[in-house]
Amino acid sequence: MKAFAELYAALDETTKTNEKVAALQRYLSAAAPEDAAWAVNFLVGRRPKRLLESRKLAEWAIAEAGVPDWIFGECFQAVGDFAETIALLLPPAAASTNLPLHYWIEQRLLPLREADDETRRAWLVSAWREMDEGQRFAWNKLLTGEFRVGVSQNLVVRAIAETGGLAPEVVAHRLMGDWLPTAEFWRQLLATEAAADISKPYPFFLAYPLEGPVEELGEIGAWQVEWKWDGIRAQLIRRAGHTFLWSRGEELITDRFPEIEAAGAALPEGTAIDGEVLPWQGGAPLPFAQMQRRIGRKALGKRILSEVPVVLMAYDLLEWEGRDIRERPLEWRRAQLESVPRDAALVLSPAVEAGSWEELRRLREESRARKVEGFMLKRRGSPYRVGRRRGDWWKWKIQPYSVDAVLIYAQPGNGRRASLFTDYTFGVWDGGKLVPFAKAYSGLSDEEIREVDAFVRRNTLERHGPVRMVKPELVFELAFEGIQRSPRHRSGIAVRFPRMARWRRDKKPEEADSIDTIRGLL
Amino acid sequence: MELRPNGLYCAPGDFYIDPWEPVERAVITHAHPDRAHPGSRAYLTARAGESLLRAVVGPEALVEAAEYGHSLKLGGAAVSLHPAGHIPGSAQVRVEYDGEVWVVSGDYKLEPDPTCAPFEPVRCHTFLTEATYGLPIFRWPPPAETMASTHAWWRANQEAGKNSLLYANPVGKMQRIVAMLDRSIGPVEQVTGLPAPERQAGDLPRLVLAPPSLHNTPWSRQFAPASTALAAGWMRIRGTRRRRALDRGFVLSDHADWPSLLRAIDATGAETVGVTHGFRGPLVRWLEEHGRRAVAVDARFESDL
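From first to last, the protein sequence lines stand for chains A and B. Each residue of the first sequence is one higher than the last, beginning at 169 in our numbering. Each residue of the second sequence is one higher than the last, beginning at 324 in our numbering.
The hints are simulated quantities; they were obtained by calculation from the structure and are not laboratory data. Since the model is a prediction, treat every value here as computed from it, not as a measurement. Accuracy of the hints is not assured; some may be wrong.
Below, a sample of chain A positions facing chain B; criterion: calculated Cβ distance under 8 Å [claimed, not checked]:
#1 G213
#2 I230
#3 A233
#4 A246
#5 T253
Cβ atoms here follow ideal geometry from the backbone N, Cα and C, with glycine treated the same way.
Same shape as in the complex, but just chain A (with noise of 0.2 Å):
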């Protein structure tokens, strides 16, 4: 434990990602394997499911601390962030624990969903007494599993490489799918050999945004062209007779979309499928909140299951008849995929044909009357590569929505951007009233997010809780991908993605846009 909260507070110390990987590998190679596969499985987001409720766990800091339980209100506002409120607010440590990290998982962190609410307050006060400070924070980050360090998956996977001398896509590979954290994983991860993981989906290829004018990309034969879904990235794989589908987020998502499982079982052996799960009726996508309808839900009943029928929008084929044909060319991957035997829950992306970038401008309109994003460009001859890479593939989205709407409320954000107003609620003209239209948090520069701050705390007009509500000065330009009627929202409008534009400080509250305006995009 001594050794990780080093660890947390060296990654937390820099912004240097080549710094952040020395002090993981430095961490790595001294720890126990045990400990090695625990800080991995943190490190990677994973998380052991929920112990205990938060509420909870301030209660008993609280009485620890010996102090109101107001007083953990203001202190969380003020800090931001709940596992350092509480290591900030306990009692001066008297002790340091030299007990090693999965000890402090297995024997005191884990038992804990088991017991009762007692014993659990009596074990926390205890552990939380045999740390020093920085042992106490880490800890309850590992307690609550809200684990961000600002190290990405990427660089985690970088340390493990130098660290056992591998290549990082195998490391990649290997840390993909379900395993469990134990000295054997670690030994496994590292090992020279691995042994086969019969549900293990390959490493996410992702695209980035087109930055330049599309006809830099050079001749437009070289490029395969499709049409950009709105859904949840997935892998659909056979083997061994069995079918996985896994998101993104590396999730097993078999049993949400037994359609798709279906398709799956269908596929012959040693097949790896790399697509969109999409909410699909009569040849179109459905709006992304009808999936999200589905996603919610535990059990999926006959009504969802007709109402929001999904599919799986093939575009990639990663494995076939067994062998890993990542690095064969697109085309080649492209001509297999076309010769998978199909049913109504597996359909395959079409290729968009344009005979020039002007042509493909044009098609690109139709974008939103197809309910897609903009295109995806991917080189014919290109390798299905690891994680977010320049070059092969990129994104071309369509130009988001934009309307000008007016700060109306604020509230402090969380982590780096507690006690700051940077969470802000933007109103549009509704006769002569500004209605709540959208949230957004993001988009403004550091240097904006401070003359904001300064702007809500010197025009507030009234105090709800941490929500100020603000003068109706500043006015802002707003995007969003999609747009949609909703009975649960004040103006009557859902959008998706809001973010904050810019700043239009050459614009008065009164220029901000109207409802009716925005209903008219609907």
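Given chain A, work out where chain B should sit, using these hints.
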């Protein structure tokens, strides 16, 4: 004592304490820019703070300096200055009129500081305290511990051939750090004013102390490769350090932490406590729940660091 548009005013003595606007007579607790402003006719300050105040108000201003503990008559009021332990020459202002004693503490801390006289508890009826760090999450480690981690950071940077950019308030904090530095680790450069001196070609890696406003500027970038750090109480919170994109944060404050605030308030025996700056609300509520009369007092200038 009353709050006027120009600041905190003492009617019997006809003077202001740390006024926001120019006035006839100003009593200054310390020479930070949120407390001392040029333009008033006459100033009163502690002897040890005279030169710092002079730098703010200019050579023409009328500045009177008093020894700590020495009582002066201002109108009908007896006024004396007592060490606040905040920065060199910082003072609490004790005002007695008609048997009533007020103490306006300005900013203060209870930790040892080699550059200024230690905080002196003064008994009073009404105590005006700061609450810059008025939450129980603010608890300072002993300064020696903070300096040990600062030294370890500096030493590691020296070994890696990197400069160490340590940002600190140039009035007070920087002198305090310099007084505690282990000079055997490497060369030290101190930047207090603007324009800041340029880096010279062939300079060996060094510790550069600079005002926080120089962080992430063309000036600071010429020191690359460098590790950056800030010394302040806010560094107790990870978010405030990460938001500024600093590599390290060292918790070293010239303000009272939560336990010190409570201890200092207790030691005054005050019946009424006025709370200004920072986390006023929580401290007022806490004091009230612990049987003291407390009121929040608004201040025009709030400093971030």
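Hints versus structure:
{"no.": "1", "hint": "G213", "result": "19 Å, violated"}
{"no.": "2", "hint": "I230", "result": "10 Å, violated"}
{"no.": "3", "hint": "A233", "result": "7 Å, holds"}
{"no.": "4", "hint": "A246", "result": "6 Å, holds"}
{"no.": "5", "hint": "T253", "result": "7 Å, holds"}
The structure does not agree with the numbered hints 1, 2 stated previously, though it agrees with the rest.
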